[in-house]
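Novice: Sequence:
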Amino acid sequence: MDIFYFFLHLALNLGKQGSNIAFITTNYYPTATGATKLRKDIQKRAIIKNLINFNELKIFESALGQHNMITVLEKVQNENSVAKTCITQRQGATTPEILEQILNRNDAETNYYKAIQKDLYDGNECYIRLIGNSKNSKNPIQMILEKVKSKNITLWHICNVNQGILTGADKVSNKHIKKFPKVGFIKGEGVYVLNDNEVKKIVSEEILKPWFKNSSILKYYTKLKSYEYLLYLTRDINLSDYSDVQKHVKKFEKILKARPKDRGEMQAALKLGKWWVVFATRKNIPFNSAKIVVPQRSQLNTFGYNEIPWYASADVYFITEKDKSICLKYVLALLNSKLYYLWLYHRGKRKGEMLELYQKPLSEIPIKKISEDEQKSFIKIVDKILPLTQSEDYIQSPKKQSQVKTFEEEIDQLVYKLYDLTPEEIKIVEGEKSK
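Letter by letter, the sequence shown follows residues 510 to 944 of my numbering.
The hints are simulated quantities; they were obtained by calculation from the structure and are not laboratory data.
All values reported here derive from a predicted model rather than from experimental measurement.
We put the beta carbon where it would ideally sit given N, CA and C, even for glycine.
Warning: the hint list may mix true and false statements.
[What the hints assert, rightly or not] Simulated crosslink set (DSSO-like; lysine-lysine; CA at most 27 Å straight-line): (1) Lys792 <-> Lys688; (2) Lys760 <-> Lys792; (3) Lys780 <-> Lys722.
[Said to hold, decoys possible] Computed beta-carbon distance windows for the label pairs: (4) Glu609 <-> Asn793: 50 to 58 Å; (5) Ala602 <-> Phe532: 16 to 24 Å; (6) Glu901 <-> Glu565: 34 to 42 Å; (7) Glu570 <-> Met863: 15 to 23 Å; (8) Ser659 <-> Lys936: 19 to 27 Å.
Sequences are here, hints too, so could you generate the full structure?
Specialist: The structure is reproduced here in structure tokens:
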């Protein structure tokens with residue numbers, strides 16, 4: 510939740526009926542998980558007149574990392590009032606001339622839309638869709654997205670979607686050193702996440718797990734070799750059985766006891782005197798078997814797959830089997846397709862052009878449930894892709910990369926057929942992915 514949400518609520522409280530309210534803020538609130546109350550308040554008490562999404566165009570020299578948007582509201586109720594919205598594709602620093610063109614709705618590098626109020630809002634979370642959300646829309650992208658959504662279940666119904674592990678202290682940070690200046694901690698020293706040299710001091714290999722970064726996730730595959738290891742200390746461990754580990758955690762006792770204690774898992778461990786456990790172990794995730802993994806932010810829809818012991822932090826999400834009639838490899842094929850990039854770009858969460866692949870937007874992705882026989886054509890191609898991407902020379906082999914690209918194109922065609930896309934709609938999807 511951002512503080513500016515309260516200013517928008519306050520403006521609606523103070524404004525007279527018929528008054529206009531304008532803010533320039535970051536552009537995240539239309540789909541932010543913590544902004545549901547704000548969106549519902551706007552829907553209830555005002556109409557949206559204009560939404561101008563500057564996307565990757567930088568408005569303020571002092572805040573180049575921000576993605577900004579102008580919101581103009583009128584404090585009236587009229588669900589049929591038309592909102593004017595736009596999303597610019599421009600990048601870099603802006604100029605007064607560029608801003609004038611965008612605001613006058615005549616910029617060649619900006620997409621302009623119109624939608625009535627009731628078609629701006631989507632679902633129980635009241636997501637604000639700048640291109641509209643009507644089933645009867647004539648907007649071609651909207652029509653494609655409606656085909657993906659219509660009569661299909663969400664990923665949450667067929668798969669488990671979970672955030673990765675939170676240790677509470679991967680390594681010693683500047684914050685730890687500042688808080689405990691007399692202890693002599695060294696920045697970067699491994700607490701739960703250990704490098705090759707630090708691991709040599711731990712002989713209890715059964716509680717060391719291969720630890721991967723989200724950069725180890727690529728399309729269809731993941732890196733298989735780790736250079737760091739997780740000291741996976743759970744509540745069911747008797748630490749006295751591991752003298753080397755006991756010595757290690759004792760060294761960092763002050764840091765570990767300073768972690769938040771308000772989570773149920775941590776509270777239960779503390780009652781047992783086990784202050785050294787990993788903060789959130791995610792024991793419900795089958796880390797050692799088949800899974801789809803996804804980085805929480807990515808320029809493209811990037812979903813990897815493996816069946817090996819593979820542990821990662823909270824900036825990775827794990828998609829695992831729930832409905833045994835739906836194969837993970839079928840889901841993997843859909844999620845990596847060009848059509849699903851279109852869905853994630855327009856109906857998921859974004860930060861500028863970066864997809865935000867958190868639990869909520871992932872869980873809401875529509876999936877067409879088909880028979881096990883119908884899934885086989887997708888699985889067959891995935892089974893051709895995986896050995897190629899997992900071969901040691903894949904990155905250095907243009908031939909193998911070309912083969913994978915061909916297989917990906919075959920999957921895209923299967924996905925287009927699955928959702929009955931017309932040739933004209935396929936051209937739109939292909940154009941959106943390559944822009």
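Novice: Confirm or reject each hint.
Specialist: For each hint, the structure was consulted:
no. : hint                          : verdict
1   : Lys792 <-> Lys688             : 31 Å, violated
2   : Lys760 <-> Lys792             : 26 Å, holds
3   : Lys780 <-> Lys722             : 32 Å, violated
4   : Glu609 <-> Asn793: 50 to 58 Å : 54 Å, holds
5   : Ala602 <-> Phe532: 16 to 24 Å : 22 Å, holds
6   : Glu901 <-> Glu565: 34 to 42 Å : 36 Å, holds
7   : Glu570 <-> Met863: 15 to 23 Å : 21 Å, holds
8   : Ser659 <-> Lys936: 19 to 27 Å : 21 Å, holds
Comparing the model with each earlier hint shows violations of hints 1 and 3; every other hint is respected.
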